[in-house]
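Residue numbers (numbering that gives the first Met the number 0), protein chains in the order written: chain P, 0 to 289; chain E, 0 to 289; chain V, 0 to 382; chain B, 0 to 382.
The hints are simulated quantities; they were obtained by calculation from the structure and are not laboratory data. Mixed in with the good hints, there may be bad ones.
Stated by the list, open to error - Simulated crosslink set (DSBU-like; lysine-lysine; CA at most 35 Å straight-line):
1. K54(V) <-> K242(E)
2. K181(B) <-> K242(P)
3. K242(P) <-> K36(B)
4. K36(B) <-> K166(B)
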Amino acid sequence: MAILVDEGTRLLVQGITGREGAFHTGRMLKGGTQVVAGVTPGKGGQDFEGVPVFNTVEEAAKETGANASVIFVPPPFAADAVFESLDSGMSTICCITEGIPVHDMLKVSNYMRVKEATLIGPNCPGVLSPGKSNVSIMPGDIFTPGNIGIVSRSGTLTYQIVNELTQRDIGQSTAVGIGGDPIIGTDFIEILKKFEGDPETECIVMVGEIGGNAEQRAAEYIQSEMSTPVVAYIAGFTAPEGKTMGHAGAIVSGGDSTAEAKSQALQKAGIQAATNPTEVGDLVARTLGV
Amino acid sequence: MAILVDEGTRLLVQGITGREGAFHTGRMLKGGTQVVAGVTPGKGGQDFEGVPVFNTVEEAAKETGANASVIFVPPPFAADAVFESLDSGMSTICCITEGIPVHDMLKVSNYMRVKEATLIGPNCPGVLSPGKSNVSIMPGDIFTPGNIGIVSRSGTLTYQIVNELTQRDIGQSTAVGIGGDPIIGTDFIEILKKFEGDPETECIVMVGEIGGNAEQRAAEYIQSEMSTPVVAYIAGFTAPEGKTMGHAGAIVSGGDSTAEAKSQALQKAGIQAATNPTEVGDLVARTLGV
Amino acid sequence: MDLYEHQGKELLREHGLETLQGIVAETPEEARAAAEKLGGPVAVKAQVLTGGRGKAGGIKVVHSPDEAEEAARQILGMDIRGHTVRKVLVEGGAEIESEMYLSVTVDREAKQPLILFSTEGGVEIEEVAETNPGAIVRLHVDPLIGLQPYQIREITFSADLSGDTAKGVGKTLQNLYSAFQKLDASLVEINPLVVTADGKVLTLDSKVTVDNSSLYRHKDIADLHDVEAADPEEQRAQEAGLQYVKLEGDVGILGNGAGLVMSTLDVVAQAGGEPANFCDVGGGADAEKISTALDIVTSNRQVKSVLFNIFGGITRGDEVARGLLSAIEQTDISLPIVVRLDGTNAEEGRQILAENTPPNVHTEETMLDAARRAVELAKDGGQ
Amino acid sequence: MDLYEHQGKELLREHGLETLQGIVAETPEEARAAAEKLGGPVAVKAQVLTGGRGKAGGIKVVHSPDEAEEAARQILGMDIRGHTVRKVLVEGGAEIESEMYLSVTVDREAKQPLILFSTEGGVEIEEVAETNPGAIVRLHVDPLIGLQPYQIREITFSADLSGDTAKGVGKTLQNLYSAFQKLDASLVEINPLVVTADGKVLTLDSKVTVDNSSLYRHKDIADLHDVEAADPEEQRAQEAGLQYVKLEGDVGILGNGAGLVMSTLDVVAQAGGEPANFCDVGGGADAEKISTALDIVTSNRQVKSVLFNIFGGITRGDEVARGLLSAIEQTDISLPIVVRLDGTNAEEGRQILAENTPPNVHTEETMLDAARRAVELAKDGGQ
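Model the full structure from these sequences, guided by the hints.
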């Protein structure tokens, strides 16, 4: 097993003929992902590296049985793309796009409440289940199949940690980049819940950062609801107040949103917390007893 | 048992100090309903026939533990009143108000999808479970406790039918007036489902009329999902096309919306259909074997 | 509330829809002047609150002011499905390449606005639905988020539109949906929506129906209500707060409650009679209102008998009986009136009626008996 | 993007909020003229993109044009938390009866707009939250249906407001929420919202922050961006498409990916160093971009060593190494640069660096080692 994406994932790429979409579609195809359709309005009928391109998601879904989508369309059109995927029945939607207006995401994320689907992102690297399906912009090469679940607000930090694990011969079940924006479709808790329900996942790495208080809520959830061990890592202890650290959502705007506050909450909940990515690898290895 | 309202119903009246609200609150109190709170903005702190009046539903709910509301506020403010009840946790909301703009109801009824509550109406007489709770403008005197469930788009026609039953010594479990507007909170099917799940209800009377195709959908549902016998009655065989027959929703606007089409659908689904209210009484008596 | 074509178009224009230039004329001379002003060929179109005016000869395309005047002369005063034409819309011409259909309405079942689009315009959508259902694109809009750009693309791509036509249709749909919302409409329909030889997308004919319940917040639209065009009895009933619909038969029907009155009409028909009207006097026993209702119902010369069907619910039967008697006293009706009184305190009510009833008032205990009696009396010619 | 008080107020006024009359002045003379025009007592307020100007002496209430000129002379040029005052807002006076607080912000957890209201205005809301949390009303707005009238009542009744004050606050909230939406704001705050002696509800001081991601659809607001007020290095980084934040330390830090760079800062701090900046060069091995980044980082005179932390993901390590070398060649940096290269093809990359590396470039295999090395080098004074 894995969570969110696996061998049954039939992927549709929104914005497949754009620069980013084309580049990553090529990579996902090489990684073995079943990319069954692409959508670019006005380019229906063309094909991209053997993948048929459609004008609308509805048409693409009908023709190809796509059940998941990944979104590479520019920010002004991204919310529309999410709505299109949602209303066309995609069950997992990864929105890679960075720079979607917050008010668009308020609308999108609240609309999710009436839908059964899962939205990952935006401003995220996507989801990758090694050996099964890569619905992301993550470098598949550094992953190896295994039993560690990863959920992270940061892309490169995830790669760094995956690399630490792979170097120790510790494989991953699924890596989920939930995104670095203030408003995201899916928070830590929903992903933790899925990992908890996945018999293949033996340990989970949770990578947080400054901004918001999602880590605190996750800590409470882990303490009260989970039996799978979690190793946590928080970035941004040196971040000053009021400055955006790369991610739109990574900004200290009050006591709760500092790395310190998050770290304390994790410790209080009895969760192992690493102080740097290498230590994450060490803690996971110790947890697994390898 | 009963559906929607019973001995546990703690009722809050929105618009309690208005003409309609005051009149019917008095009647509901006399009928034994637990009216625990009233809401009229600006009149908080007063009381009405012993019922405390609050400025907001939130405050009223907090102070009195109200779990259901009935709405008597004028059309321009009715949608707001429904939202207020919904957001303050009322689980059953009966909106009596007639004349709410359709576009307001589009917003309200779609918002219901994100809430766990049941909205009855608008433009409806409400819900009455004889001997238990009267959350309606229906004349309690003509009812008698028993095992017949009634669900109807029309008020007076319901009274007429209840009277036919009571005269035959056949009591009622709950009578639900779902309302005569084009867009209503709860359709036949949801109520039929509740009656089907109510062990006390042995037979159901469904009263339809021209407009829409809710009766056809109900017929399909009854045929495929229900074991409780249903006696149906449809009004409006003589209604001309394009004319509103009293209720905003009672208008023939195409083949599906005629009484004939509805009647045929019921017959096709093997549902007993009466041709007048008296016959409804006869058919129910026959079904019960009394 | 249905709007005249010219009124609806004016509102749609305010929401950005493109139409032909048009001038309303109430006389043949005004129509001539309008045609002169517009120049070129014009269409002279009857303004009536009903469909089928084309087939009835209510639309004429003419090529000169003379012809426009003559066309208006023929059309003005014409009766189309019971509606007298009192105005025409004189509209400029356009070279039409193709005709489409576009509408937004309220889908009661889905509880959402429904967009219908078809490349087969110019005919009634019901006809297309029967002959070529595949030519109709149906699309629901979720009121929680509104019309989305991708939905517009679904419409235009499904119809294989491209370039300026796709853009024009897309913009039209966006504006039409916005008009639908802002006008509190229950229907906005463009049929046909045309593409002209020079690539423009125009609203050629349109229908706008505004939700009556919303008129309190659309004073400007409420003011458009055409009192003259309404049936005078229906108009009077409306002013008195009565629900009244005129029908073709001879049995006048009154009752309290819309459902009960609808049911009464059916029972009268089942008894072999023909209802002359639907009239709901509402709750209560207000003698004033009942007498107005009686007066309106009997002012229809075809009515030969009256059936008053009352169910005493909140108002008790005895009170209703007193109200009814006082109402009958106030009016001067010699037609036979059958009263059926049931519900709370019905017996007391019937007794009151029995003791004080005028000779032309008959009481019955059940709806069925009352209906049969009223039908009989009507067949006897109201004697 | 934070707006100056006078800019934010201008936008809020466009959305119906009521403020005092105000005039922006850039010189003491302009401030005098403004005070003359406004008449009566005025407030001279420093316009800076930071809080705490009141405590810093950036707001003065004066009673004559002379005093206004003098106040402006004192305030203009003042440094408030690192921000130089270059403009003042001269505002008319008002007789204040009471001060309240009202804001709309984005609640990340609830994923909904959050309204905060308090009758304890004029102090920072965080202070009220600590000293008297019960005085704050918190209310979420569901973006699917927007702010509802009942929510406004919840606010006003909870604060026991009535009459004109309740109406004024209600209207203010409605307009403020509308502004919040239409401006794509992440924060709109009125503090204090005052009731004047004559019963008016006025926005006395306000703060507006517009979501940077939305600026493409708010050209007018984007144009308000004050280039002069920005840190010149940060400004240059922004133009080059780099994520750059200046800090106080002496270890310059570059890396690819925001999370990794944040983590690198932490590791440097753990190693006993002090990061001089945050700089994310993004994906890819674009030599041009890397050299610009190096230049910006080292243009900070405090920087004594540079740590370049790269994780080869999509871009392979060997490519990154070549890009880095070419970038170092393009610049003329003598400071020690510690490079840590990991991920895909890291070994090949490290080999390339080892073979061609200039003497001031040091390579390390792990983040920790690299951080320690960079900290050491910085402590050695960049030798």
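| Pairwise hint evaluation, K166(B) against K36(B), where the allowed Cα distance is 35 Å at most | holds, 31 Å
| query | Given the hinted pair K242(P) and K36(B), is their alpha-carbon gap at most 35 Å? | reply | violated, 39 Å
| request: Would you mind confirming whether the straight-line C-alpha gap from K181(B) to K242(P) stays at or under 35 Å? | output: Distance of about 25 Å is within 35 Å: holds.
| query | Under the criterion that the straight-line Cα-Cα distance not exceed 35 Å, is the pair K54(V), K242(E) satisfied? | reply | holds, 22 Å
Checked against the numbered hints given earlier, the structure breaks only hint 3 and satisfies all the rest.
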